[in-house]
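Residues per chain, in single letters:
2 protein chains.
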Amino acid sequence: MKNIILIGSGNVATHLGIALKKRDYNIVQIWSNQINNAKILANKLDCNFTDSIKKLLDADLYILAVKDDVIHQILNKIPDIKIVHTSGGLGMEVFENKFTHYGVLYPLQTFNKNININFTNIPLCIEANNTKFENNLIKLGNQLSDKVVRMSSEQRKQLHIAAVFACNFSNHMFSIADTILSKSDIEFKLLLPLINQTVSKLTDKNPVDVQTGPAKRNDKEVIDSHLNNITDQTTKEIYRLISNSIIKDND
Amino acid sequence: MKNIILIGSGNVATHLGIALKKRDYNIVQIWSNQINNAKILANKLDCNFTDSIKKLLDADLYILAVKDDVIHQILNKIPDIKIVHTSGGLGMEVFENKFTHYGVLYPLQTFNKNININFTNIPLCIEANNTKFENNLIKLGNQLSDKVVRMSSEQRKQLHIAAVFACNFSNHMFSIADTILSKSDIEFKLLLPLINQTVSKLTDKNPVDVQTGPAKRNDKEVIDSHLNNITDQTTKEIYRLISNSIIKDND
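In order, the protein sequence lines correspond to chains W and H. Using this note's numbering, the first residue of the first sequence is number 1, and each one after it goes up by one. Using this note's numbering, the first residue of the second sequence is number 1, and each one after it goes up by one.
Source of the hints: derived by calculation from the structure; they are not laboratory data. One should not assume that every hint holds.
Which copy is meant is left open, because identical chains are indistinguishable; a pair holds if it fits in one copy or across any two.
To be verified - Straight-line C-alpha distance at most 27 Å; calculated DSSO-like pairs for lysine-lysine:
(1) K248 <-> K157
(2) K113 <-> K201
(3) K157 <-> K44
(4) K157 <-> K183
(5) K21 <-> K54
(6) K236 <-> K205
(7) K139 <-> K189
(8) K113 <-> K220
(9) K157 <-> K2
(10) K132 <-> K2
(11) K132 <-> K82
(12) K67 <-> K220
(13) K147 <-> K189
(14) K248 <-> K189
(15) K44 <-> K201
(16) K201 <-> K189
(17) K205 <-> K113
(18) K113 <-> K189
(19) K236 <-> K157
(20) K248 <-> K82
(21) K2 <-> K77
(22) K205 <-> K183
(23) K205 <-> K67
(24) K236 <-> K248
(25) K205 <-> K77
(26) K147 <-> K183
A quick note: this is a predicted structure, and the numbers were derived from the prediction, not measured.
I would like the entire structure built from these sequences, with the hints used as guidance.
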């Protein structure tokens, strides 16, 4: 599987393309419905580009790195080729009854075209509909990343939900903290050492074992005082709900 | 203020004592109601120790680094000396009408006696009831940390609430992610690169500007699919509430 076509020209396609090229894979062609974006990425990877599904060339592997709804649109137009998608939220079954060799190659990271990233550290979750193709994908994955795992669609769905909590929702906690601090003319950066310390503990401990704070101590006096000092209703509700959830974990 | 007495022998007292001694402050004495703990810290700092408030020696500054409820008990037994507490949640007014020179020296970090920490990186929030004493505390703070800020009790209260969101609650998000993953036999460590990436963005961006995920995109299909795949009721409620809060921020 040395000759690869990338369907997509967004953040995932860009970083995946760069990582593959670095490992001497041959990127044959880029497809995008936005021809300008296809061209930009094709220039980076020194390859062909198109915005027409009908003009797709031959390759050993087609990687679909487009939004979930675009995947559905494209699948009906593609012949039976070796194909994977890169989506965390979408099952492998989207390929069923249309393709002989299909699977998923899901890089667990948020990408931004304009920010360089070391692909070696990114966990790659791999799944395929047959062992031989899966082994080939694992081999390819091992060229790109130090952390390649086999993962079923059901597991990946749970991983995606877990990632929403661990990343999207924790970021919203930072965001609420930022809002509270701005109202009091305190700079958010003051919290960075504490946030870094919180995260660095996860390297060798389970999060539940390093939980701290008033809810962990079941300190009702502090919790009530905090609730009285939060003006925004949604923020108050979040404080109450998460505190109760932490208290429940204590039992 | 070169001669200092530490009231307390816990995590904060230990790290503060070590940091002060490194900067050539003279730790005169450790007080703790647990004499063994007082002795352990006194040995480390090479100083006197006691468990009797009546046997407190003379010093230029008394630092109360004990739990909030212990502070209240101790205050009634101490003569009018130069005094600060190190609590994030407690106002400066606890000292009112009892002392002439009083204030707060609050290190914004979680401490563990057994884990070394670089005190220079820890923000110190300082407040006092008169400018001269406050300036002296700032001078002392600058010896210990690169990040010393003046902060009123009202600001510190909001900072404490913000820290609960940014650290305690984000850690609970990690904890929920961990629970979801264990049920699917996936190791939590897989999420670490994504978590580290999330936090590293905070160095030069506001959290609200780097928010990602289904709620940020207002992707109701994914949100509903996630809700259908979460079995625990509290977890489901947290998912719904935080998603709605993120969606509200989009407006």
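Okay, the hints, checked on the actual structure:
no.	hint	verdict
1	K248 <-> K157	both (26 Å within a copy, 25 Å between copies)
2	K113 <-> K201	between (30 Å within a copy, 15 Å between copies)
3	K157 <-> K44	neither (32 Å within a copy, 51 Å between copies)
4	K157 <-> K183	between (38 Å within a copy, 12 Å between copies)
5	K21 <-> K54	within (25 Å within a copy, 74 Å between copies)
6	K236 <-> K205	between (29 Å within a copy, 25 Å between copies)
7	K139 <-> K189	between (42 Å within a copy, 22 Å between copies)
8	K113 <-> K220	between (46 Å within a copy, 26 Å between copies)
9	K157 <-> K2	neither (29 Å within a copy, 59 Å between copies)
10	K132 <-> K2	within (16 Å within a copy, 73 Å between copies)
11	K132 <-> K82	within (12 Å within a copy, 75 Å between copies)
12	K67 <-> K220	between (46 Å within a copy, 15 Å between copies)
13	K147 <-> K189	between (32 Å within a copy, 10 Å between copies)
14	K248 <-> K189	between (31 Å within a copy, 24 Å between copies)
15	K44 <-> K201	between (39 Å within a copy, 25 Å between copies)
16	K201 <-> K189	both (20 Å within a copy, 12 Å between copies)
17	K205 <-> K113	between (33 Å within a copy, 17 Å between copies)
18	K113 <-> K189	both (26 Å within a copy, 25 Å between copies)
19	K236 <-> K157	between (30 Å within a copy, 15 Å between copies)
20	K248 <-> K82	neither (48 Å within a copy, 42 Å between copies)
21	K2 <-> K77	within (24 Å within a copy, 79 Å between copies)
22	K205 <-> K183	between (34 Å within a copy, 18 Å between copies)
23	K205 <-> K67	between (35 Å within a copy, 25 Å between copies)
24	K236 <-> K248	both (18 Å within a copy, 15 Å between copies)
25	K205 <-> K77	neither (48 Å within a copy, 41 Å between copies)
26	K147 <-> K183	between (42 Å within a copy, 21 Å between copies)
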